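Engineer: Chain by chain, the residues run as shown.
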Amino acid sequence: MLQAPGGAVGSSTRMRCMYMFNRQGVCLHYHVWLRPVSVLSRQEDQKLMFGLLFSLKLFTAKMDPVGGSKGQLGAAQLQGQGCSFHSFQTNTYKLSFMETPTGLKIVLVTDSKMSDLREALKYIYSNIYVEYVVKNPLYTPDTPFKCELFNQNLDNYVKTLS
Amino acid sequence: MIGVGRGPKQLLNVVDRPLGKGKNEVSLSAFAFLFSELVQYSQTRVDNIAELERRLEDAGIGVGLRILELLCHREKANRRETRLLGILSFVHSTVWRCLFGKVADSLEKGTEHEDEYMISERELLVNRFISVPKDMGAFNCGSFVAGIVKGILDGAGFPARVSAHFVSVEGQARPRTTILIKFAEEVLQREARLG
Amino acid sequence: MPPNSRPGDAVFASVDRVNAELFTLTYGAIVRQLLTDFEEVDEVNKQLDTMGYNIGIRLIDDFLAKANITRCSDFRETAETIVKVGFKMFLGVTGTVANWNTDNTECSLILDDNPLVDFVELPETCQGLYYCNILCGVIRGALEMVSMRTEVKFVKDVLRGDDVFEIRLKLLEQVPEEYPYKDDE
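Residue numbers (the working numbering), protein chains in the order written: chain A, 57 to 218; chain B, 1253 to 1447; chain C, 48 to 232.
If we strip away everything but chain A, and leave its shape as in the complex, we get (with noise of 0.2 Å):
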């Protein structure tokens, strides 16, 4: 596809798709910039995504051997309580995680050499979907979106990211 060889390439195309879920596990955003591999259906690929990050959070927050965590495996908690993952990564991309205390759930992936995105994805979520998504007048909460201004935004951000 567009993928230049080596790093010379404007760090956009570093970035392949991100996803927004709320506490429902809605799909409230799906963004791509490359992702010319996908085996799935929209619908179940997120879907597996967000049980995937639902259960990746709560193992992450069980197994943590000094936090204060409460509970046995699979218990229920409150959002945003506890530890939580941030990223994985594998040979050949990487997944940067983050969820407010709203259960609004930012999941960016990458290529696997992208640096630390939490500060990206609180970037993101302040000042970039608070702005352009819920000061909206025209978006209805807990709807999936398509807002011309949060794309423009997110658009112009990532190519700050390296």
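Since the hints were made in silico from the structure, they are not lab data. Keep in mind the model is a prediction, meaning the values are calculated, not measured.
Below, simulated EDC-like cross-link-like pairs (lysine to aspartate or glutamate); rule was C-alpha separation at most 16 Å, straight line:
#1 Lys203(C) x Asp159(C)
#2 Lys217(C) x Glu198(C)
#3 Lys1275(B) x Asp63(C)
#4 Lys217(C) x Asp150(C)
#5 Lys217(C) x Glu124(C)
#6 Lys1386(B) x Glu204(A)
#7 Lys217(C) x Glu153(C)
#8 Lys215(A) x Glu175(A)
#9 Lys1354(B) x Glu1375(B)
#10 Lys202(A) x Asp1387(B)
#11 Lys113(C) x Glu175(A)
#12 Lys229(C) x Glu100(A)
#13 Lys1354(B) x Asp63(C)
#14 Lys200(C) x Glu213(C)
#15 Lys103(A) x Glu225(C)
#16 Lys1275(B) x Asp165(C)
#17 Lys131(C) x Asp160(C)
#18 Lys200(C) x Glu90(C)
#19 Lys1275(B) x Glu1327(B)
#20 Lys113(C) x Glu187(A)
#21 Lys150(A) x Asp172(A)
#22 Lys113(C) x Asp56(C)
#23 Lys1434(B) x Glu1368(B)
#24 Lys131(C) x Glu213(C)
#25 Lys1434(B) x Asp1406(B)
#26 Lys118(A) x Glu224(C)
#27 Lys113(C) x Asp63(C)
#28 Lys200(C) x Glu153(C)
#29 Lys200(C) x Asp89(C)
#30 Lys217(C) x Glu127(C)
Between beta-carbon pairs, the in silico distance windows are:
#31 Tyr213(A) x Val222(C): 28 to 36 Å
#32 Gln145(A) x Asp1357(B): 44 to 52 Å
#33 Asn183(A) x Lys217(C): 33 to 41 Å
#34 Asp1357(B) x Glu90(C): 38 to 46 Å
#35 Gly1409(B) x Gly175(C): 31 to 39 Å
Don't be surprised by glycine CBs; every beta carbon is placed ideally from N, CA and C.
Since the structure of chain A is provided, determine the placement of chains B and C on it from the hints.
Structural biologist: The following block gives chains B and C in isolation, referenced to the frame of chain A:
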């Protein structure tokens, strides 16, 4: 600490209380959320975009009438503008500065019609966070601001039709909003008499 | 936090602000529209609460994004955060928390001042109106998004002749996260 150092406000009738200097502020977010909810609520009461704009305009008119009273009292010692250009410049500068913290980007006379004037703003406060979906066509939340302008003009004795429009600007990703003012015939006749 | 610090002040100073009159008059326009649409004052109170709820579920994200606070350890801290940071950040005023019940699930949020009511006097026909009822909905909606189900209502209202605004806030339950899909879906 409750109530320390504060007068018993409720004992004073609202008209006897000193009128604020208009320097108090709330967060832009508070206004944005309130305005969003006005839009969301209005959408449940209408069948089409024209009605939605009409409802926002109505809400704006109520704000405009009150802003006129406040500003005439505070800034102009209860005097009102009597001339067309005077009232337009009052809206473009005094009103805009009060409501939006700045004068409007431009005030122009319509080139095709004698009775038309336009106030334009590159990023109108109510459009700052908005993305209008394609199926809502040319819907413009600025109809609320158009209503404010109409309320002021009507209240000051310059009846007019006022509407809000997106106008694309070369080299800019976002269109600006133009508030189009079309004065009633009687206003222009009066102006002509005053010379 | 040290007793004299005003945690909301810094946040309020850092956010974009608008003239309170625009906000106050816009709210007035909304209340007038509701009075025309519903006629019954009780219905208007209910509608204001609903609109507040709709605002609350959005506003909480803005609050979390800007206020930079950590998770509240208990409901007492939650209540303090609402009046000291929340009210300040959005409305530019702070309140106090008082009248806790013994098991710390119910308290009063007290406001001396409130920008929604500048220029307002209730006419005879609206005596049953809780003019600021939208605030109850906002608090309820915002807390629900951070897993707290609450009941929120006005018990004192300056517009009705009381000395302060008093909002009674009651925690009903903390709702844990659940997997939203059934396995066979």
